[in-house]
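S.K.: Each chain is listed here by its residues.
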Amino acid sequence: MAVPIELIVNGKAVAAQVEADTLLSSFLREHLRLTGTHVGCDTASCGACTVHVGGRAVKSCNVLVAQLHGLEVTTIEGITPRDGSLHPMQAAFKACHGLQCGFCTAGMIMSAIDLVQHRPHATEDQIREGLVGNLCRCTGYHNIVKAVAMAANGMGQGHGQSRQTP
Amino acid sequence: MNAVRTPLIGRSVERKEDYRFLTGVGQYTDDIVLPGQSYGYFVRSPHAHARIRSIDTAAARGVPGVLAIFTSADLAGIGGLPCGWLIKSIDGSPMKEPKHPVLAEGTVRHVGDQVALVVADSVAQAKAAAALIEVDYEVLPAVVDTASAAGNATAVHEQAPDNVCYTWSIGDESAVNAAFARAAHVTKLNLINNRLIPNALEPRAANAAHSPADDSYTLYVTSQNPHVERLLMTAFVLGLPEHKVRVVAPDVGGGFGSKIYLYAEETALVWASKRVGRPIKWTAERSESFLTDAHGRDHVSTAELALDADGHFLALRVRTTANMGAYLSTFASCIPTILYATLLAGQYATPNIHCTVQAVFTNTAPVDAYRGAGRPEATYLVERIVERAARELGIEPTELRRRNFIRKFPHASPVGLTYDTGDYEATLNRVLDLADVAGYPARKQASAAKGLLRGIGYSCYIEACGLAPSNIAGALGARAGLFEAGEVRVHPTGKVTVFTGSHSHGQGHETTFAQVVADRLGIALEDVDIQHGDTGKVLFGMGTYGSRSLAVGGTAIVKAVDKIIAKGKKIAAHLLEASDADVEFEHGEFRIAGTDRRKTFAEIALTAYVPHNYPLGKLEPGLNENAFYDPTNFTYPAGSYVCEVEVDPQTGTVRVDRFSASDDFGNVVNPMIVEGQVHGGIAQGIGQALLEGCRYNEDGQLLTGSFTDYALPRADDLPGFNVELAPGTPCTHNPLGVKGCGEAGAIGSPPAVINAVLDALAPLGVTDMDMPATPHRVWEAIRRSKS
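Heads up: the protein sequence lines correspond to chains A and B, in order. With the working numbering applied, the first sequence covers 1 to 166. With the working numbering applied, the second sequence covers 1001 to 1787.
These are calculated hints, taken from the structure and not from any lab test. Watch out, some of these pointers could steer you wrong.
[As the list claims (entries may be wrong)] EDC-like mimics (lysine to aspartate or glutamate), calculated; alpha carbons at most 20 Å apart, straight line:
id	chain 1	residue 1	chain 2	residue 2
1	B	Lys-1495	B	Glu-1425
2	B	Lys-1786	B	Asp-1770
3	B	Lys-1016	A	Asp-42
4	B	Lys-1127	A	Glu-6
5	B	Lys-1495	B	Glu-1396
6	B	Lys-1570	B	Glu-1584
7	B	Lys-1569	B	Glu-1526
8	B	Lys-1570	B	Glu-1603
9	B	Lys-1016	B	Glu-1589
10	B	Lys-1408	B	Glu-1396
11	B	Lys-1127	A	Asp-125
12	B	Lys-1450	A	Asp-21
13	A	Lys-12	A	Asp-83
14	B	Lys-1559	B	Glu-1589
15	B	Lys-1099	B	Asp-1162
16	B	Lys-1408	B	Glu-1425
17	B	Lys-1127	A	Glu-77
18	B	Lys-1537	B	Glu-1625
19	B	Lys-1016	A	Glu-77
20	B	Lys-1127	A	Asp-83
21	B	Lys-1567	B	Glu-1625
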């Protein structure tokens, strides 16, 4: 059964008719073609699909779009500056090599932004705890943790360019 | 004037590919929607072993949106999925190679085996229709356990009534027996290398389209090697003309081996796309990935190490049973043989080694290469038995290793490899510093004060990478070459596009390869683009696996660059009215030796494409070269790892507190990327050692079929890693002196972790521990040792 929905996605009002069982992840990827949000599992375990709803990190595979009537959704596309620059968290991931294949990256960044906004002085252990909902199979998390700490410290750029071989 | 530029090789340059991944504009297979897109869904066997009595699709065909339903009856004349490596048994007979059908033919052999393909306008419609397909199964007993598969009353395949695919051996058995007869000490060890499920974060996916305009196909697929995928699919399965199929592996979200293989799903989609007349997309749900991606490891081994009175290794004897699963996946047969038993010397000068490998079929998912592929299994065995021997003999584990290190190179091992270079003492010494082993006793005391048992474990690994010299591989049974291809296209403006047969699915080739090319041509990094993953663009390729991309693919590119420079010199000689031999190329300029007469690289490029003043009589216009490179040997990365764990004896919980690594990868192009590869490998190795274990029940049902049952390491399961790249011994047989770094972490780390756990538990009398060392298993071991 189709239901009408109205919500704000990345600052733009969106109105659509969707099947009542449409997941937010499917709505973003298939209806809006915002394919930066990825789906890596079917048990809400991997966090690749993490977006912000009302400013908080949410696994978009685990919520129906019809539940979000009137709410504000932000995806990786929504946090990316339009001038070709990067959000401080994106820049920190780049400087720290916090990504390899890139598949978990959008969800990881959305979770990390939420983490830092709510715990700006998180310790390494707290960062690790804060990211337990997001799986990465490539990096071993080492550089992701570094990146989140760097972004939290507001040192979003420059590092990593001039490092020499020991 | 041209200032001397800072070399890019050796610098941690930020990755060129990152922007698209960071901003969500990367393009993975599932992101692609083609005009007229339809969707495929596979009906899969719920049973591990069953005969199919009948398949009734009538009701499903009536579901709105259903375009077609296919079963094996529709695929008459289509071949099975091939295995790329022929292993022969000791008696000379070829391995058993039962057909691996694209859709099950009368029998299903593992849970998840594909039975039918439903194509519909939407995934939801395809799934709804699939639910209405009635398959009448006659359930058969299942063969599940690796150790007891051979001789099980049930046969997985008629062609292998004893479930044995092959029984293979390597080494001089009589010399090994003689060495054991004179040994002062023999250490024995039984061990299991636990079965793993790779779980790249991007699930497998494919999108196949047929064009009636020229009867051609395009396949987008999550592949580590699109040319190999195309060759196997067209020549061996579908019988399509190779040049009429374009295979594109766009952004691929990790592979770790699991995306090397030709799978049934994409093969079925390509075939069906012409019948349906619309593009068909399939994306695995994670539960399908667990059931049908090729799994890794799954060895059961016994090992014996003979030592003389001084602790020198005299001989190693190994018997291994390796699970192939229900069908032979693309490279399954060579993993527990060519990539495993040849590494059993490790870093040691053991003079005599003999290994027998029995490969068995079971009613489980196919097993093939997973990060490291054979080499982690060998390293785990060697480094476990060496540490056990040290404990039995009362020799410090690092000291026993030092007594046996290979110190002269090249070194011919008794299991067929010739190590070209290495310095194992150096990486061991370095890691002992890095790990602050001197401070270990104080840390152990501090742990004890908290009621925790601290242990330290070592691992000194070697791997054979840079697969592979084609003639050697061919003599060992490979049915393919293992060279790599590259093309360097210089544009009229001097900008450069490089096409490589290697494939990047996280490794950062777009940056590393560009660093190599920019340095060699003396041009800016941003003036070099790396293209990969498309048979429609790249001339040929064998793909990425076995830590081969830079050593083999990078060398092919270097050879093509050198051809560009050689041609550029001829053009420059003409322009400068000099002889070819007098022109040298340095820092992006062609100059006459000993003069200031020169031409820039961009000037030469423009001249090649605007050949008004050009030696057209003896030189073709244009500046575009390709090269194929076939390595003369494997490369031999090696290193030493130290792990410290804390075990809570009350709960059995193991926490990795410190992990240090010193790796010798020869020359390093981008240390940041290489360290990242090591981090990821260590995480997967710790995962294998402590968390991950694929389990089937006795009926062949997968018990670990989701992320809630199969524990991938999460951020709070791991420590930060202390990784240092050793100054290194450059590879002697490729121009870059590089060895490969992608698998090292996963190869070296599991024995370090388990050795640390056993060290922690030694005071309690625990002497053995299989992976994964879960809290339950550790707690049981403690309880048993007390009773």
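S.K.: Which hint numbers doesn't this structure obey?
M.R.: 1, 3, 4, 5, 7, 9, 10, 11, 12, 17, 20
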